[in-house]
Amino acid sequence: MRTIRIGSGAGYSGDRIEPAIELAEKGHIQYLGFECLAERTIALAQQEKMKNPDAGYDPLLERRMRAVLAICKAKGIKIITNMGAANPQAAARKTARIARELGIAGLKIAAVVGDDVLDVCKQGNFPFLEIDGRIGDLGNRLLSANAYLGAEPIVRALQAGADVVITGRVGDPALFLAPLLHEFGWANDDWDSLGRGALVGHLLECAGQITGGYFADPGLKDVAGLARLGFPIGEVSEDGNVVITKVEGSGGAVTEATCKEQLLYEVHDPANYIQPDVVADFSNVTVKQIGPDRVSISGATGKPATPTYKTSVGYIDSYIGEGQMSYGGPGALARGRLALEIVRQRLELCGVQMNEQRFDLIGANALYGSELSEGHDPYEVRIRAAGRTNSLAEAVLIGNEVETLYTNGPAGGGGAFKSAREIIAVASVLVPKELTSPAIQLFEA
Amino acid sequence: MKLREIAHSRTGDKGNTSNISVIAFDPANYEFLREHVTADRVKLLFASIVRGDVKRFEMPTIGALNFVLMDALGGGVTRSLAVDQHGKSLSSALLDLDLPALRG
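Sequences listed follow chains L and F, in order.
Take any residue in the first sequence, count from 1 to its spot, add 15: that is its number in the working numbering.
Take any residue in the second sequence, count from 1 to its spot, add 51: that is its number in the working numbering.
In case anyone wonders, no lab produced these hints; they're calculated from the structure.
Mixed in with the good hints there might be a few duds.
The calculated lysine-lysine pairs, modelled on BS3-like cross-linking and capped at a C-alpha distance of 27 Å, are [stated by the list, open to error]:
#1 F:K94 to L:K318
#2 L:K318 to L:K448
#3 F:K106 to L:K433
#4 F:K139 to L:K318
#5 L:K236 to F:K65
Reference excerpt, derived from the structure (chain L facing chain F, CB under 8 Å, subset only) [said to hold, decoys possible]:
#6 V258
#7 E276
#8 I377
#9 L387
Only some residues are given here: those of chain L computed to face chain F with a beta carbon under 7 Å [as the list claims (entries may be wrong)]:
#10 E54
#11 D205
#12 E281
#13 P285
#14 V302
#15 G306
#16 R373
#17 F374
#18 G384
Computed from a predicted structure; not experimentally measured.
Using N, Cα and C, we set each Cβ at its ideal position, and we do this for glycine too.
Assemble the whole structure, with the sequences as input and the hints as a guide.
As structure tokens, then:
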């Protein structure tokens, strides 16, 4: 049976660069995907684009493209990425300029557009999924609305001969499903194949998280070579089943255990993994080690896609102010508690208006709260006071009240830190697919 | 016996919902996990953190359980006040769960 090999070159925007180069050089791959777009990133990128029409794409696009463009062009490896963020056209133009500078002639670059559905959302005033209210309630705090598009426009770009496809918001697995649709010609209602393809994408989209990254627990789950972790390759058959592997000699490990952790990562109901192209069903998947760093994953199926696109709505939510300070040695915990009590009282005395607040003892209860952490006395503790406010000026006061512990608080506090920041949050709505019009634009170096 | 002796786990987040997998190292222990690591126990363990329901999904073909914790992340990674905004560390606390000794 025919197979194609797809590499995953990044699992998030700030990910390591060299594993992608290793994949391009030694991975014998035909496609290299880069998933770089977190939930809130596109809202922040939208703000940048508003200030500068040539900005708003991934800040690491240039470094990544400079690292892999020449090798990929020489070997015929196609690049697919969502590094376009809020401005895929500008990202495509930038990539064309980089290609010319590197002396790569004839590189075809496609930008996928149409995920920006802000106007449709304003008009439709859709209700939020997880929180109360509707888009209209946000008023002028509304910043962006981007639909998670499917694989179809990426497939169109590949059919048009693109060497590099740059998208904004698409379902992360679609970056990897698209080349399968393009190569194997699956029908857009071949739900089982689409379900298997979505699983391939889901397994690959977090890069090192399936090859031993984010897995090690010394003594129980040891992984060698994490400093030179190899990123994954999906060897996909025409029937959609996949073998996950990595470049020989790279760090990390591909085992049944690493694959199972990634299989369930960010999944809710495994029988209904909703993607723009298909509702995938992972409930009968089998995972089998078939060789060193080779794991076969098969048995996913699929059901018809939903009539809507999940859409991320970015908005100005609030402001968060924060302050931290460390206490050490005997009695550290007691002084930390006293310090927090003082800050609590100070914020009240000064009339700081907070909608929500937290007083943490980092090292004692910050991750799980007091109940779960009971009975463990640390030798050092870091206090943290954080509060949500309606203005930046008010948020600043929170960190200030921690800092003043230097001369006003318990003995021996050190290492004060304070911050105050605007919070851009996201919420989700469903947008009917027929109200959107995904499209591609072609550029050539 | 602690859960971490027979299972491993990873936490994921989507919005204000957390999911925590519990995967048997040896698939033969799946039924034991299914019996002892229930949605109610997980809800009780995280009672001070998780405000919403806890649902459990079963994955017998890979020997795993998947817990979905609603309203669990202080509004989600983009707006949470917590140090660990994703709630990534929840899996480590779950693996500290006490279990009876394995039979046989």
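With a cut-off of 7 Å, does the beta carbon of L:E54 approach a beta carbon of chain F closely enough for the hint to hold? With a closest approach of 6 Å, the L:E54 hint holds.
Within a Cα-Cα threshold of 27 Å, do L:K318 and L:K448 meet the stated pairing? It holds: about 17 Å lies between the C-alpha atoms, which stays within 27 Å.
Any CB of chain F closer than 7 Å to the CB of L:P285? holds, 6 Å
So if I understand the rule, the pair passes when the alpha-carbon distance is 27 Å or less; does F:K139 with L:K318 pass? violated, 30 Å
Measure nothing beyond the straight line between the CA atoms of L:K236 and F:K65; if it is 27 Å or shorter, mark the hint as holding. It holds: about 26 Å lies between the C-alpha atoms, which stays within 27 Å.
Restraint check, 7 Å cut-off on beta carbons, for L:E281 near chain F: holds, 3 Å
Are L:R373 and chain F close enough, Cβ to Cβ, to be under 7 Å, as the hint says? Because about 5 Å separates L:R373 from the closest Cβ in chain F, which is inside the 7 Å limit, the hint holds.
Mind checking the CB of L:G306 against every CB in chain F and telling me if the closest is under 7 Å? Where the cut-off is 7 Å and the nearest Cβ of chain F is about 19 Å from L:G306, the hint is violated.
For the pair we were handed, F:K94 and L:K318, check the Cα-Cα distance against 27 Å. violated, 31 Å
Should the hint that L:V302 touches chain F count as held when the rule is a Cβ pair under 7 Å? holds, 5 Å
Need the status of pair F:K106, L:K433: alpha-carbon distance at most 27 Å? violated, 38 Å
Report holds or violated for the interface hint on L:I377, using the least CB-CB distance to chain F and a cut-off of 8 Å. Hint on L:I377: holds, closest Cβ of chain F at ~6 Å, below 8 Å.
Hints 1, 3, 4, 6, 11, 15, 17 from the earlier list are contradicted by this structure; the remaining hints agree with it.
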